[in-house]
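Go ahead and model the full structure; you've got the sequences and the hints to work with.
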Amino acid sequence: MVSIAELARLLGLPFQGEGTHTLTRVSSWDEADASSLIFFDGRGMDSAFPSSLPAGCIIAPKKNLRPGWNALISENPKLDFARAANCLLPRPRGSGARHPSAVVEPGAVVDPEVDLAAGVVVGAGAHVGCGCILHAGVVIGSGCIVGEDCILHPRVLLYPGARLGNRVTVHAGSVIGGDGFGYVSDGRQQIKFPQAGGVVIEEDVEIGCNTTIDRGSLGTTRIGAGAKIDNLVQIAHNVQIGRGVVIAAQTGISGSTVIEDFAVIGGQVGFGDHARVESGAIIGSKAGVLPGKIVRGGEVYWGIPVRPLREYKKLNALFGRLPQMKERIEQLQQQVRRLEEGLKSLSGDGEVRSGNGSPGAS
Amino acid sequence: MVSIAELARLLGLPFQGEGTHTLTRVSSWDEADASSLIFFDGRGMDSAFPSSLPAGCIIAPKKNLRPGWNALISENPKLDFARAANCLLPRPRGSGARHPSAVVEPGAVVDPEVDLAAGVVVGAGAHVGCGCILHAGVVIGSGCIVGEDCILHPRVLLYPGARLGNRVTVHAGSVIGGDGFGYVSDGRQQIKFPQAGGVVIEEDVEIGCNTTIDRGSLGTTRIGAGAKIDNLVQIAHNVQIGRGVVIAAQTGISGSTVIEDFAVIGGQVGFGDHARVESGAIIGSKAGVLPGKIVRGGEVYWGIPVRPLREYKKLNALFGRLPQMKERIEQLQQQVRRLEEGLKSLSGDGEVRSGNGSPGAS
Amino acid sequence: MVSIAELARLLGLPFQGEGTHTLTRVSSWDEADASSLIFFDGRGMDSAFPSSLPAGCIIAPKKNLRPGWNALISENPKLDFARAANCLLPRPRGSGARHPSAVVEPGAVVDPEVDLAAGVVVGAGAHVGCGCILHAGVVIGSGCIVGEDCILHPRVLLYPGARLGNRVTVHAGSVIGGDGFGYVSDGRQQIKFPQAGGVVIEEDVEIGCNTTIDRGSLGTTRIGAGAKIDNLVQIAHNVQIGRGVVIAAQTGISGSTVIEDFAVIGGQVGFGDHARVESGAIIGSKAGVLPGKIVRGGEVYWGIPVRPLREYKKLNALFGRLPQMKERIEQLQQQVRRLEEGLKSLSGDGEVRSGNGSPGAS
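Protein chains in written order, with numbering that gives the first Met the number 0: chain A, 0 to 361; chain B, 0 to 361; chain C, 0 to 361.
Among the clues, some could well be false.
Any copy will do: because identical chains look the same in the list, a pair fits if it lies in one copy or spans two.
[Said to hold, decoys possible] The list that follows gives simulated cross-link-like pairs (lysine-lysine, DSS-like), each with its CA atoms no further than 27 Å apart:
no.	residue 1	residue 2
1	K77	K343
2	K61	K77
3	K77	K312
4	K292	K77
Calculated from the structure, these hints are not laboratory results.
Have a look at this one:
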């Protein structure tokens, strides 16, 4: 519960209206009431913009506000709405609640201010830092190190030795530190290549549901600080994900590939192994990056294999015009055949000098 | 255990043979015995069709039956076999079995006729309706509402506030109500956009294994009555899935996209955000739908980005003939060069009137 | 802990240096110390190859070794390194540890030498063989048969009746034996087709994290001995996977498809139903195989739909040259128009014999 004036102060924004009015939540316009903060960013409501405010407060640009409304004035309303939401719904912190069914194995060190829900297992020698919340059924493997203020949603699993920085959030069902997929054939069978490396998730990373991040085979798989990873993503052994990288759902990244800082990766993208995406590159959904490929920064890519988006769009448009291209070629063939006949009849000697390629041959 | 006569009555089908013979299961032809019901839909067995029935009863069209066989007579044998299976193997119902390790938190309301297996957790304030079966390790978040006769297979997880209608089935490992993937960059880092909305799964929905369905960011994610969703599917925040929609494995649907009633979506399809698939459209496996795209109903689509199937097949065939197209163009270039030379020599004045485009330029 | 001489004996390799020196682990070059075994396969270190050995022992070809180094001499260092790792880190075996929270239901038979971790559930009538390790939260459905020396990582789930051979490894969160995705429409709703078949995982199979393998609808889904399956893979009802098949992450295989022995399947590949991949075929990542398609053995394939790789690469190169093809066609059209005019002016009678296709029509 925060007053409008206090929220304005926290966000560093001017406000108008009733500063003492208190807000408890963020809402869509449809579901708002007097306790709600809503936002308007100038899009999609030209004619329907209401005359009375359907919420306790709005974040919007000055030009969209009406007198008498409670409002936080912002030229970047969506960002400030997100910031406000983090004030109204602050990240929860563990305070020491322990369900009797939670198991802490010998030698594990769990800070007193950690919540352990039903069925949690913390393995031998693991460390869990102050303020963490381990939801129902979370399994922390032996020797793991979990930083402070992490939230592990139900049934998250860390294989032994995984390390998480502070303020990491992992959503339900995700698995961190599984064996990489590496085998060497001896001609008769697949011999497992050792999967004995580590996995490090740096601070402020958020990982979606049912995602899998394998540990390194010999070295370390690393997810950089502030990276955001969606549901059902696959990250293979020895992958290096840079700071602030964003990866949408169902994308798969093969072994030893490097995604540099602040790259943005769409959904269902596939990366071959040992590829490199340079800082700031953007790769569209469903694209495919070949093994060993270097994707330059500062550009948008699409396609299988990836090409610069502008180029790919042009190619795709031409793909759609293949029937017309085919027709034009056939027409040209006809015209050329007639020209050859015309020239032959003009030259009068029966010898066709202009055509040794038979028009019917192709 | 149902007699053939009783089964015929339940299905509204005529039968022949021994009406009192009892059946306990459905089988493939290979694994059938006297207790089995099998079916034949006229496909794939022309010459090998046996003279004696290898099962207790068959469902088949009249023309395929032999005298003396126990049979249910159906012109739609596969459908009636499925209906019969639902008589022989009726959907199980909870009857109040409670494993001592199941945890029901204060304020949760669990109907007496609910089965709670080992390790189940029902969060504070949740409601679980009559006849539900919660298998081992299911976690129901606080405030969830689960209708009657739902079956949640092991390790299904509902985030707080998720709502399920009656007769919903969720297979093992699926997660319903996780945070949507939404961030707003402030130029330095990704600020989490609030993921405070709801998720509603309507009655008779079936969801496969390890699928993820996020709740709305502000509004509600909704899966319509009777929809069927396969394994490892990703459904993002605020998506609206219509009634009776079928979605095959590993498909991903981005935020706010709408799939209208009775659309059929293949496997590994990807949808950008804010797309709309109209009622009855069919989208083939691995297709890609661009953000904001409207896919019209009553047609089959394929490709990345999607096009009507007929069109896509033609384009794909032409794609396979690109080498021939290239060859024809080269041949035409040669023919035209010779024509230009022939014409020049005929006109006799050294001036090539017919060609200002240099043939060697391209 | 193994001495170099002993390791040489176990691997059948010659060695040089201090045979009594003991090794405890395999390492990357960066992380090696005196207890480490490392390997060098001649790639990627031409100039930087060090003069002193940064590890307790190296596996490398004779030509790369320096005098005085402890070394196992191998012409196939990566394979022998993998074999050595399996000596240094032998597969763990259950020895009878039972967490008090593990539940063994009546009628289940668990060998005394099985480890059951916290929260494990073994269903009624299941059999678990000698030497198995069931990690935290594993759920074995009723009537399952698990062979000897299997390792089921945390939260693996077997639906009732699933059968695993000896030495099967299943990584965290995978689900084996879920219902296949089969419905028959009655015009109003989807009627569930019976999913009453079985699933058999043969010996020495390894399955990654959060993968889903459905049981047969009526027959049996089968994964052949020694097959290796990565994370987040979907295998549908009645699929037959041959011996030694390798399937990378996020690939999906539709119902009744057959992958014959020793085929290799990349990541994010999709298979329609009733397809067949012949023994030894290799299918590149992100490829798509149409329903019913037969993919011949002994070749590499790529593309959607798949084509032989050589052919696909050529087509893809031509796709990238569509703008040039279009330009050449336009140039040809211009040249032909000029030729037609030239011929007409030469023939002098105003009748264009060579062109009845209007050049502007296309």
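Right, here's what the structure says about each hint:
1. K77 x K343: neither (74 Å within a copy, 68 Å between copies)
2. K61 x K77: within (14 Å within a copy, 64 Å between copies)
3. K77 x K312: Cα proximity of K77 and K312: none, with 30 Å in one copy and 43 Å across.
4. K292 x K77: between (36 Å within a copy, 24 Å between copies)
Hint violations for this structure: numbers 1, 3, all remaining hints satisfied.
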